[in-house]
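Asker: Take a look at the letters that make up each chain.
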Amino acid sequence: MSNAGADLIREIAEGNAEAFARFYDRYAPLVYPLVRRILTDPAEAAECLEQIFWEAREAAPAYDPARGTPEAWLVGLARLLAIEAMRAARRRRNGSALRDGGSPVNGDATAALDRSVLARAFERLPDPQREALELAYYGGLTQTEITARLKQPLGTVKTRLRLALDRLRAMVRPA
Amino acid sequence: MSESHEPYDTLAALHAVGALDGEDLRDFEAHLASGCARCATLVRQTEQALARAAMAGPPEPPPAGVRESLVRRAARAAPAGRRRWLPWAIGLAATAVAAGALSAAYVAARYEARLGQMARETTAAKEQLARGEAALREELDSYRAALELLRDPATRVVELRGQAAAPEALGRLLWTDGTGGLLLAAKLPPVPPGKAYAVWTMAGDGPRSAGIFVPDAGGRATVKIAAQATGAPVRVLSVTLEPESGVPAPTGAVVLAPR
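Each protein sequence line maps, in turn, to chains A and B. Just so you know, my numbering puts 100 at position 103 of the first sequence, and the rest follows in order with no gaps. Just so you know, my numbering puts 22 at position 7 of the second sequence, and the rest follows in order with no gaps.
What the hints contain is simulated information worked out from the structure, not anything from laboratory work. Honestly, I wouldn't trust all of these hints.
Simulated DEER-style distance windows between Cβ atoms [what the hints assert, rightly or not]:
1. B/G226 <-> A/D61: 39 to 45 Å
2. A/D61 <-> B/A179: 51 to 57 Å
3. A/D61 <-> B/D24: 22 to 28 Å
4. B/E142 <-> A/G152: 48 to 54 Å
Please read all numbers here as calculations on a predicted model, not as lab measurements. Note that the Cβ used here is the ideal one computed from N, Cα and C, for glycine as well.
Chain B with its partners taken away, still in its complex shape (with noise of 0.2 Å):
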């Protein structure tokens, strides 16, 4: 190819045997982390040709008792890689320590998967903490806006009875006309894919859109609902199954309704 890459395609070639070290293994590092593919793909040929090779001698029975070792280890132990990563990455450390003898190349190398699959898992803990904080934080808020809601003499509250489509489900709404209010239901059934519930309020001038959500697993949900613009006072909430996407207009089986 070009002749300016000609010294890394020899680079290539010693790093996929390990023999790359100083200046050259960081240059080539470099190079390889900014994402040449010409390179990457030299490396791997070269590690698969010496794979081959070192697999193509005959084939040699490996000594009795490894096996049974192996297979007893592997009924004791956790899955693979489910290992947890703190006292592992612990273990990780002090290897890497004991490892001084060994060049820091080597023992990336030979830690590489090891780290990434850490890295992974740590990351994936962060996210699921992420989640569980935003949930916790929703649900306080709404907490914190029923309370604001019973707090005021003004609020209304009304019961809501499942309907035919759900005869079990269970609902309560908070309402003051002008501030909005919250929609409380329970043992809501699960929606089946590609639809949602929608709330919908009457004042007046006929049903209006007031949001549309998904029960969670136990069939719960609490509903912020905005007071009509024109501060007009709600007479009935209801909600309906309906296409995820919305519709201007109720089209589905009525959930829940006033008694």
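Isolated chain A (complex conformation) (with noise of 0.2 Å):
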């Protein structure tokens, strides 16, 4: 998969606009519903969606598949771009920053946890490493606006995210 994956960025960054469409068409149906979680409106998802993928592919020339799976690397844009776009929806909404109080977080990050897509992996969290990988993966929110926003100590949250993201890693190692 990584390898087809790479193939397709390397035609992407030649030109080759019908590798640009494959690549949409097997990576669109995956990453759509991490942008959906982090984006509830369905318009703002659809422009964010476009987006990612337009990045994506000027981005192309720069993959280096040493530095990380074609997945990844997107997966990573797309998170970034729809937080992205998150904080800027905010702001348009209420002209409220990120630390002015409320709730930091999109009103669904955290809530209907069932709804994620890492839900598989992350069920098996305990409930406040979730809560803390939740809001720093989906809220994009730092290390300190979480200390905030959960009310506990700096060093409890590092080390929340720290066991989390272990476990993480130790669940969807690949297969």
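Work from the hints to combine the two standalone chains into their complex.
Answerer: The following block contains the structure:
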């Protein structure tokens, strides 16, 4: 899978339009649930999905297989752009910055965990670890912001995240 | 691993999920930049685990219209990553300003790939300019050398003719005994791989190598030739095709020789 993905990215970098369409067909259905998890508004999610694949096309020449799988590369890009779009949308809606109180995370990010695309891996995490990871991964919050949000010491938040990610790595280790 | 590395294991995991900030972020980025392979691997493995988990859920059909819009844009646009970098850099600067609410690390991560690409393009452009400048200087030097020779009343002009191996080839030697000269050649056939043209001077005691050269794509060449160490008058000059590593005496086909 990874090799085929890397080949497609290389072909996109060479200007192959057909490879770009195949790349989209292959990965858009896998990436879209993550985008929807971060951006609940369907129109915003659609716009973001288009931006993700356009940015992937632009960044294709710089993709370095030694630094990660195509999946990790694309998901990393998707998450960053979706969180950026979420923050921009929130600023548009209520003019409040992330740290100005209220819910720092998209309303659905801490609720409805059963819809989580990570649910299978996440549900085996202890609740406090899962909560911290959700806030970081979907909410785009940093350790300091999570500390404020959960009213826990920084050391506790770091430990929870570290344990959650260690477990996650062990769980989804490549077959 | 070592106890002292333990805190970095935590920072590496948190970095992979984008949760580091403040001093921790600066510390870890400096540590990573120092070349810690363990941390680089940990970050990569954690990112991959997150990606696998994120893609493990049931696929969802993307909204209609996105694919068509992308295909249309791609058909109109320049090939991926080939845009001119200057307008792009201006766009990037504007984006960076607009992104004031985002942390520097976030923006850096977001644009890392494209920044790397821009840096490579800039370097390539600079190298190309440097190569062009060097070629121009070389050309100017050879014109100057030719002019100096032509000003000297002692300079002889020897016409050279293409031989059987290259009947179309043309050559002219500007030569002053004691000073040296310049070989101007044109219509030389391209050299096969591993070969080069060798210049030979004859000055009484047999042929002496006076340098090797490869003509440009148009079959032209300007070759500076040093005077005989003894200052002895050069009677004959010829050009042969030889191995590019050079040979002590001519072995290959003669390409240019006096009429």
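Asker: The structure should be examined with respect to each hint, and the outcome stated for every one.
Answerer: Evaluation of the provided hints:
no.: 1; hint: B/G226 <-> A/D61: 39 to 45 Å; in the structure: holds (43 Å)
no.: 2; hint: A/D61 <-> B/A179: 51 to 57 Å; in the structure: holds (53 Å)
no.: 3; hint: A/D61 <-> B/D24: 22 to 28 Å; in the structure: holds (24 Å)
no.: 4; hint: B/E142 <-> A/G152: 48 to 54 Å; in the structure: holds (49 Å)
Of the numbered hints stated above, none is contradicted by the structure.
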